[in-house]
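Protein chains in written order, with the numbering used here: chain F, 1 to 462; chain A, 1 to 764.
Please note that a few of the clues may not be correct.
[To be verified] List of simulated lysine to any residue pairs, SDA-like, C-alpha gap at most 25 Å: (1) A/K56 to F/G452; (2) A/K5 to F/G452; (3) A/K422 to F/K125; (4) F/K125 to F/P258; (5) F/K214 to A/K570; (6) A/K418 to F/V453.
Hints in this document: simulated from the structure, not taken from any laboratory.
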Amino acid sequence: MSEITFQLNGSQTTVPVTSPTQTLLDFLRIDKGLCGTKEGCNEGDCGACTVMIADENGTRALNACILFMPQLDGKAVVTVEGLAGPDNTPHPVQAEIVTHHGSQCGFCTPGFVMSMATAHENDAKDFDNQLAGNLCRCTGYAPIIKAAEAAANAPRPEWMADLIAPPSLPSKRASEAVRIAQPSSAAELGQWYLENPEATLIAGATDVGLWITKRMMTLDTVAFLGGIKDMKAIEYDDDGMHIGAGVSVSDFLTAIKPLHPDFGEMLRRFGSTQVRNAATIGGNIANGSPIGDSPPALIALNAKLHLQKGDEQRTIALEDFFISYGKQDRQVGEFVRGITIPKQVDRLKAYKISKRFDQDISALCGCFNIIVNDGKVTDARIAFGGMAATPKRASNVESTLLNAPWNEETVREAMEKFALDFTPLTDMRASAEYRLDTAKNLLLRYFYEDTGVNTRLLSVTP
Amino acid sequence: MSVSKPLAHDTAPLHVNGAARYVDDIPLPANAVHLAFGWSPIARGEFTALDLSQVKAADGVITVLTANDLPGENDTSPSAHDEPLLSTGALHFKGQPIFIVAATSHHAARRAAKLAKIEVNETDPILTIEAALAANSRFEDGPVIWSKGDSDRALAKSKNELSGSLPFGGQEHFYLEGQAAAALPGENGDVLVHSSTQHPTEIQHKVAHALNIPMNAVRVEVRRMGGGFGGKESQGNALAVACAVVATKLNRPAKMRYDRDDDMIITGKRHDGRIDYRVGYDENGLITGLEFEHYIRCGWSQDLSLPVADRAMLHSDNAYHLKDVKITSHRLKTNTQSATAYRGFGGPQGMIGIERVMDEIAFALGIDPLAVRRANFYADAPTKPRQTTPYGMTVEDGIINALVEKLANSAEYDERRKSVAKWNAENPILKRGLALTPVKFGISFTLTHLNQAGALVHVYQDGSIHLNHGGTEMGQGLFQKVAQVAASRFGVDVSNIKITATDTAKVPNTSATAASSGSDLNGMAVQAACDTIKGRIASFLANQFGVKAATVKFANGLVSAGGETMPFAKAAQRAYEARVSLSATGFYKTPKIRWDRVRGQGRPFLYFAYGASISEVLIDRLTGENRILRTDILHDCGTSLNPALDRGQIEGGFVQGAGWVSMEELVWDDKGDLKTHAPSTYKIPACSDRPMVFNVDLWQGENREDTVYRSKAVGEPPFMLGLSVLAALSDAVAACGDGTVYPNLDAPATPEAILRAVTGQENT
């Protein structure tokens, strides 16, 4: 691709692609002088750069600091400068923030405005979730939430439809100037990746974004996967649920919640709204991180991983994908195509442990899927993130539980086996001792929860 | 009258549409260069060779400067001249700037800065309190000791005694806008600096020294900061000086902003440390003797550590009357970022000690901690007999008993104490905790000469008013509060007042906007300036109408004199035509204060601001996870200048304080490498971390001292309301045990710290 076309605050904009990794934030602030969108952290954690992005899949809040320009092709972008009406009538969220004293220093405010306006577009009223990716250091949040609540019932401003209308793309474009691929199907990606196996595949850029903004890497051969429609599907059949690698974590959350509510609850705390809107389930697996949150839950659910190379596919157990730190069972030119979660009775609990509930990387994430029949454990799949160099099953714990009576004595015996399964590290998130002790206690929590004891901290109200 | 109205922040309409301009948003000429520091890869030692060839050769690089290239003083310290802008060889912490890259873009400068080849001789860094004590690595010759009465004798005579130790963490400011500055070269060596700073005069002073020019050749302008919290009192010096040096050298504008990681790696944070205590008490929990030993980790340079550590000592008593007390303070020098000002400025560190003491006494006696606190409170005013602080200041304005009484009633403390106990009896895993903690915070800079402020007010012939003063706006709403004062003096609507950027060319020799002093000092200075102009207009009109000046009234946008009423604009125009000066400066210095920091005696504060909070928390004993269920606050702002803005300070301060004692954790490794240098690893409270139920109310009562409209300072005091969260978490941990072992919960009470404390309960 050589140029991209998008709608910016209602105006069709076409810009040449000079670098595949120029961020939207830099484009806005440096090239366009639109300085309302702020840089707070440059890594997608503070939300000061939040913008509204719309396309045929809906309207989403995204972090502009880790959003690459080619990802915008064909989309509508709304920034804080463009949100008010044509006669400068403020959007209801803007008006209510002023009324409720929701801004102090004002630096985070544009990001909050855009997250709130996007929630307003989507009629979303779970504001703690909608705003989990926006940090404010001044207000203590209470007045911001009041503003969001006050704006919630205001009608949608009539000018919003024009703002989020997609651009008209040119039918024919100049030939490729730089090595940036934008495949539109898995087959196309398969062929291109075989020819360019050194390339970086970019889906949501929530991880690759930081390679650029923090590690200051240069990428020249990249493929943007956002346009691959056949990797964005979620389908169901007798084998279970098939999820394309390109499905966003947000969309996956919506789909998994009815089947495995606790997986949904864990994903509610995965990144933030902005991050979940960008991040894909395939990316969370393919990057091989030992602290990604979806793999342990998927492993506990016995998920299968589908890989594709050229036009050939193979399927492996997800747990077998993770070989060692930084090493996965992925061949040169091969990419993650999707996953399948087998149909099953829901016994999954996914316990994400971090210093902060929302938008924090797990110190450890323990996922338990223990089947009990007639008072005996008949199957146990327990997988952890943050406890080893890869997402890993607790096989000694599992085998102690298997065929044993489901009681506290068994659980206490199994708890002692965690030390055989894991030798966790100490880092800034937690010590090795805390990780191991908590892992043990999470099995106890699962048991207590199963027997009706209240263990749900977040469900307790004053 | 404009004062006391809950008006919105003056810039709120611009905040919400992205039009409020911060330093990085100011358009600069196209030839501007962008700067980045290259910094020390080790915590202690020296660099022996510096190969910058790859840096210089990198794309976009214009020039690279080392210490040898500086034209004037190589120093950015606000105090002891011990903080070189660029290292001359010695390396004192990982992150210490060694060279400056100037490049055509921010990214080019950052990228190039990483290409230096730095050869070093590494020495074992001094990182911990223990290591610093062992090496006698400290500021000042030895510990500072202040005392009142005879704590030794009192402790010996006490019925009960206990001792303990509380480590507490530091805190990253995490202002959303990182440090930033820009400098534009002027003619004849002059320079204009835009800086995100709480202290424009300090920037002016440091830039002047760095360039070897007088202060009158440097103009510093600050419209607003995207948050400060103390982190922009001295920490902006390095960027501003670097920009000024480069701008002058290249004769091109220069801008520097820290990427978030650089910001957290280079700049100072709240002082962490430890408090050891030994306390004697009677059967009611009344303290009969007390000794504190403060160990404060100051980092590599002195910066503001001495006054911070002083203020910690000055708040050792918090709201409690201590008869026999000794406070010893060690100011330890370590190979870490130079700890600096942070909201409360040592006050939180001092108070956390005595609040822990109150809780532990209650635990030992098996009585409600609130009863112990009440037994020890300073009496409410008027106080008889006279009660003094450990530093000899009479507490004349006490209200804490009445305030706590009102809060405990409205928040149903006693009933909830019972319901918490009931819950804990019924729930084996999730435990609740409840606590009330008070705040008494001293208002004034302890360095007495800083307690002054200036203002410049113009009235134009059309009646519009131009307002300027030495305070800076960092989100706290100072500009609006002061504008309300000006509007009230002239009897006009606040929309008549043009708020303008802080500018060293308009008001000189300003103090930092710090110590919560902004509206107290600048409000009074502005009031004086307005009254001067108003007096001139009144005299002129009185003369015209043959009445006494005192009878001329300014109200509702009108001026009335001798039976005639005219719009303020008309009065201004008439005065102008009669050749009356409509411009005035104003000045204020805080009365009554005097302070001998060597003896630790005097009246360092004009008055105290009070408050109290009750927090109820819930912990998971299996994981240490926790949350705040409900917080009730009653806080004293005197007669509030703007109750909406004051409430914002209270709510925001509380959440920040709660963050300090709960989730915010700075982690260094054993090489002195800060591992938590981005929001991905350093967690400030997010939206859902605020209390689920959050009741905030303002105490109704005026300041007994003659402050601006009898208001009280509000910037820092509410931060310490967050201490109720630590006390409540500790209370919840205690519910996991049988009442025999005190939880000794460390701060910050992360899930890990809580689980450790819970384990201590279970092993009993």
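Status of the hints after comparison with the structure:
1. With a C-alpha separation of about 66 Å, the suggested pairing of A/K56 with F/G452 is violated against the 25 Å cut-off.
2. As the CA atoms of A/K5 and F/G452 are separated by approximately 52 Å, the hinted pair breaks the 25 Å bound.
3. With a C-alpha separation of about 34 Å, the suggested pairing of A/K422 with F/K125 is violated against the 25 Å cut-off.
4. Taking the CA atoms of F/K125 and F/P258, the gap is near 19 Å; set against the 25 Å cutoff, the hint holds.
5. Proposed proximity of F/K214 and A/K570 is contradicted: the alpha carbons are some 59 Å apart, above 25 Å.
6. Under the criterion of a C-alpha separation no larger than 25 Å, the hint pairing A/K418 with F/V453 is consistent with the structure, at around 22 Å.
Checked against the numbered hints above, the structure breaks hints 1, 2, 3 and 5 and satisfies the rest.
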